[in-house]
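S.K.: Below, each chain spelled out in residue letters.
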Amino acid sequence: MVGGRDFFARLRRLYLPLAVFVVLGLFPFYWMLITSIKPNRELYSQKIMPLVVHQPTLKHYVDLLTETNFLTWTYNTMLVAVVTTVISVVLGTMIAYPLARLRFPGAAVVAIGVAATYLVPQPLLFIPMADIINRLELGNTLTAVMLTYPTLLIPFSAWLLMGYFKSVPRELEEAARIDGASRWQAMTRIVLPLCTPGLLSAGIFAFTLAQNEFLYALIFLAKSEVRTVPIGVVTELIRGDVFYWGQLMAGALLGSIPVAIIYSFFVDYYVAGLTAGAVKS
Amino acid sequence: MAVGPASIARPAPVAGRPATMRGLIEREGVFSWLMLAPGVLFLLAFVAYPFFYGIFLSLEDRRVASEGVFVGLANFRTLANDAVFWQVVRNTFMYVCVTTILKLAGGLAMALVINQQFRGRNLARAFLLLPFIVPTALSTVAWMWILDPTFSVVNWLLVHGGIISSGYSWLGNASLAMWSLIVVNTWRGTPFYGITLLAGLQTISPDLYEAAAIDGASTTQRFLWVTLPVIKPVLIIVTMFSVIFTFGDFQLIYALTHGGPANATHVFSTLAFDIGMSAGQLGMGAAVALSILPALAALIVVLTIYLRRE
Amino acid sequence: MTTRRDFLKVTGGAVAGALVPRGASAAPKAMSVVRESSFIKPFDDYFSKTLLPEYEKLTGIKMSYEATSVGGMLTRLTTIAETKSGPEIAMTGLNQALLFDNSLVDVTDVANGIGKQLGGWHENVLEVVVSKGKWKALPWGNIGQLEVYRTDWFKEVGVTKFPETWEDLLAAGRLLKKKGHPFGFELGHGFGDNHGWLYPLFWSYGGREVDRDGKTVVIDSAETAKALDFCRKFYQETMFEDVLGWTDVNNNKAFFGEQISCTNNASSILVVGKRDFPEIAKVTDHALNPAGPKGRFHVMNAVSHALLTHAPDQAAAKAFLKWLYDDKQLSRWLTSADAYYAPFLHGYDDHPMWKPEPRYLPYKESLKTTRPHTWPGPQGPAASESVAKYVLVDMFAKACRGDATKDVIATAAAQLKQIYKAK
Chain P
1 MVGGRDFFAR LRRLYLPLAV FVVLGLFPFY WMLITSIKPN RELYSQKIMP LVVHQPTLKH
61 YVDLLTETNF LTWTYNTMLV AVVTTVISVV LGTMIAYPLA RLRFPGAAVV AIGVAATYLV
121 PQPLLFIPMA DIINRLELGN TLTAVMLTYP TLLIPFSAWL LMGYFKSVPR ELEEAARIDG
181 ASRWQAMTRI VLPLCTPGLL SAGIFAFTLA QNEFLYALIF LAKSEVRTVP IGVVTELIRG
241 DVFYWGQLMA GALLGSIPVA IIYSFFVDYY VAGLTAGAVK S
Chain Z
1 MAVGPASIAR PAPVAGRPAT MRGLIEREGV FSWLMLAPGV LFLLAFVAYP FFYGIFLSLE
61 DRRVASEGVF VGLANFRTLA NDAVFWQVVR NTFMYVCVTT ILKLAGGLAM ALVINQQFRG
121 RNLARAFLLL PFIVPTALST VAWMWILDPT FSVVNWLLVH GGIISSGYSW LGNASLAMWS
181 LIVVNTWRGT PFYGITLLAG LQTISPDLYE AAAIDGASTT QRFLWVTLPV IKPVLIIVTM
241 FSVIFTFGDF QLIYALTHGG PANATHVFST LAFDIGMSAG QLGMGAAVAL SILPALAALI
301 VVLTIYLRRE
Chain W
1 MTTRRDFLKV TGGAVAGALV PRGASAAPKA MSVVRESSFI KPFDDYFSKT LLPEYEKLTG
61 IKMSYEATSV GGMLTRLTTI AETKSGPEIA MTGLNQALLF DNSLVDVTDV ANGIGKQLGG
121 WHENVLEVVV SKGKWKALPW GNIGQLEVYR TDWFKEVGVT KFPETWEDLL AAGRLLKKKG
181 HPFGFELGHG FGDNHGWLYP LFWSYGGREV DRDGKTVVID SAETAKALDF CRKFYQETMF
241 EDVLGWTDVN NNKAFFGEQI SCTNNASSIL VVGKRDFPEI AKVTDHALNP AGPKGRFHVM
301 NAVSHALLTH APDQAAAKAF LKWLYDDKQL SRWLTSADAY YAPFLHGYDD HPMWKPEPRY
361 LPYKESLKTT RPHTWPGPQG PAASESVAKY VLVDMFAKAC RGDATKDVIA TAAAQLKQIY
421 KAK
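Residue numbers (the numbering used here), protein chains in the order written: chain P, 1 to 281; chain Z, 1 to 310; chain W, 1 to 423.
Bear in mind the hints are in silico, worked out from the structure with no lab data behind them.
The beta carbon of each residue, even a glycine, is placed where N, CA and C say it ideally should be.
All the pointers check out, no bait thrown in.
For lysine-lysine, the following DSS-like pairs were computed, each having C-alpha atoms within a straight-line distance of at most 25 Å:
(1) P:Lys223 - W:Lys49
(2) W:Lys318 - P:Lys223
(3) W:Lys322 - W:Lys41
(4) P:Lys223 - W:Lys29
(5) P:Lys223 - W:Lys41
(6) W:Lys57 - P:Lys223
A few chain P residues that don't get close to chain Z, going by computed Cβ distances all over 12 Å:
(7) His54
(8) Val62
(9) Leu79
(10) Val168
Please take these sequences and the hints and turn them into a complete structure.
M.R.: Set out below in structure tokens:
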């Protein structure tokens with residue numbers, strides 16, 4: 001079976017396109033990496049071949065870790081992302097479950113309202129949002145973003161989960177109810193465990209968006225000690241019209257690693273959950 | 001708290017349940033609303049209130065740090081007569097439409113490629129997802145450096161590869177700038193489509209293909225008749241998600257071109273920001289941000305109709 | 001008529017009823033200052049690590065400093081003014097002191113005290129900090145935008161002294177571009193390096209956007225047309241296409257990439273050059289903007305501290321500002337910035353900070369001919385709108401791209417009429 005023709009067919013249908021995707025997708029990361037280890041002189045030279053590093057240096061990394069609060073930002077980002085994710089998935093579940101599995105008055109209004117929520121343009125929200133944060137006396141605290149991010153994430157989690165919840169057969173739940181389980185028990189013991197991939201998927205999605213968010217973090221987190229990685233890197237390594245390219249790239253690369261690790265563990269659930277609701281039968 | 005009339009709620013499956021607290025909670029309507037309450041209240045406080053406040057702002061001539069004057073729809077009328085605004089409308093639709101088509105095509109291709117059996121498939125999948133999961137603010141900085149007119153590695157490759165004689169101005173040329181942004185957005189968004197569609201593909205049972213193959217269907221026919229119908233729901237969901245995000249895209253454009261050159265890449269979010277923040281015209285800025293709603297509302301309608309049909 | 005306050009009361013009460021009302025303000029145990037992070041890091045460090053601790057020791061008030069990102073100050077200021085919370089002392093640049101007029105405390109007494117001690121203020125700065133006779137902000141310096149050029153390449157084409165007029169600069173540029181050293185003047189949507197040369201060019205040919213009254217749009221003039229025609233030539237014959245899409249970063253990079261021989265920028269290029277590119281720094285110098293038929297101009301970016309009305313204790317905040325702007329503090333602080341900021345105080349015209357590096361002197365020199373954006377129009381909200389909409393920049397950029405002079409003027413005039421009419 002393994003003949004030359006087979007190989008060429010496989011080359012054409014698999015290896016070549018795959019190579020294209022990998023090169024295009026990963027080139028910017030390669031670029032971050034080599035930029036972060038180039039000395040400034042090499043960075044700004046047009047004469048030196050730019051694709052490799054001639055005199056690699058770890059100076060940018062050392063500067064990043066010693067001259068900025070990068071580790072604090074990383075900690076903040078993770079903390080904010082985890083808390084936000086938990087809030088969003090819990091509240092999202094509580095919205096999605098009744099909408100997907102129960103009949104009750106006002107369901108249509110809630111469903112449309114929730115769908116409408118994530119369509120509200122963010123630039124419209126932030127001044128009033130700042131006012132609320134200020135009245136709660138939460139300016140420059142991580143709590144401020146932990147409260148505002150879920151506004152973006154709850155509707156998305158709810159939407160993802162609705163599809164998933166719908167895919168669990170009703171009979172399972174009803175059997176439990178006949179056995180005397182309350183609605184709460186039926187939900188937490190029967191339906192939710194079956195939906196673990198969906199919950200993980202919503203969680204990962206929320207996590208991704210939370211650690212990516214920029215506008216609210218920019219406005220609410222004005223002090224260096226409470227910043228998240230994207231804000232910290234962009235605000236403190238860009239001074240005036242001068243960019244600290246090496247450190248920026250080092251920060252970008254280090255900032256990407258935690259998320260990449262988390263994804264490598266959960267990517268299967270993520271994918272399964274994202275589509276479960278939509279791909280039925 | 002809205003509690004529906006008992007006739008609407010389905011009778012509890014367990015007969016003779018006493019009218020206790022527990023019984024009340026077990027009612028479908030009551031239980032539903034108890035569940036919904038925290039999330040809905042949260043969204044009302046943090047989204048509905050700012051949203052209506054934003055609508056209110058858009059009807060005012062309201063400068064930063066001063067009292068507003070109610071002007072009705074004057075802000076929207078001004079926008080309707082503003083050439084820049086219409087350019088922004090065109091730019092935004094171009095940006096959203098082209099990136100969506102590219103991401104869809106690229107994502108589908110990516111999914112079909114990875115759906116084949118090969119060693120290191122999981123690794124490839126994890127790596128290909130990277131552009132989507134890395135914070136936009138950070139990857140955009142990398143793209144700034146890649147597209148920099150002076151140090152662009154793209155130009156370096158093209159020039160040294162003998163393809164062009166002198167470098168292009170990727171962000172400086174009015175027609176290239178929009179395409180550069182489209183490329184960056186596509187780069188970032190394609191993996192999301194790819195991975196999601198891949199999951200859709202994996203639900204297709206091999207039997208279906210075999211049956212189609214026995215019927216003598218060609219590869220293209222199999223794709224059109226078997227693959228596409230099965231992944232259509234996923235396709236629609238992922239497109240909807242992506243369109244919503246692309247409409248609101250701010251960071252990427254703001255960082256790379258700030259709407260320039262000569263407004264060639266100005267979109268709703270950057271214009272709203274410039275007018276509302278930089279010019280301090282909160283009312284007009286809100287009006288710009290709001291004027292994107294009709295397009296998004298159309299999306300809701302499509303979405304609702306689609307979900308109804310389910 | 002419903003005001004915003006009413007709306008907040010009504011809606012805020014109904015929907016966000018659970019929100020805690022703002023607490024009564026406490027005695028000034030602490031104060032905080034917010035500024036855009038300075039390009040000169042030692043300037044920020046000196047403030048937060050030396051000056052603030054000194055003041056804390058002196059008064060027992062806990063002082064804190066918040067640095068916001070460059071370009072982010074306006075957003076921060078908007079949030080502070082709108083929500084009436086956050087740091088009580090904030091930086092203002094450009095015309096922001098007049099834009100936020102209603103939210104700022106009158107600091108005339110402090111300004112007069114400073115002026116008396118330090119030889120008086122430069123008159124032209126009053127235009128951006130004095131509103132209806134009252135000082136709304138205290139400038140500590142100007143971030144000037146001047147010509148930054150390569151002395152070695154200029155010499156190569158026989159130009160040993162930087163050209164005095166735009167026409168001469170064009171002539172030099174032609175030669176330099178032929179030698180592979182084009183100019184790089186930003187024509188895109190940046191913050192500073194576009195306006196930094198376009199307003200001066202426009203003014204020096206006699207062009208004006210709007211009259212002093214802020215009502216008469218005067219951009220449609222023969223002078224504007226001349227400026228545009230010159231600029232199109234200047235762009236086509238001395239520069240490369242890139243500049244149309246530049247933001248403020250690009251010219252710095254291109255300069256260090258040894259790709260351009262001249263640009264308009266703050267002194268940041270030389271500062272970075274001295275740190276990272278000593279060979280380039282050696283052959284870098286500054287010059288005043290060239291003159292046109294109607295004179296020589298520079299744009300003003302007076303950076304100042306303003307005191308917000310929500311300050312719990314305005315007297316204490318003023319006392320701090322008085323202390324900060326006292327010669328004993330201000331002099332040391334400005335010195336830490338390595339002459340990056342040119343103070344608008346005649347007492348500092350011969351300050352020792354200018355001695356170590358004579359190449360920064362043109363930034364001091366330029367103060368005399370410096371004018372705020374949209375000058376001579378009033379520095380109010382309409383001015384900001386014109387700048388934020390890049391009316392002037394886009395007019396020039398389109399002309400350079402090849403659009404007809406009269407078309408680009410017509411577009412700009414229509415935009416300006418809309419911006420200034422209703423105001």
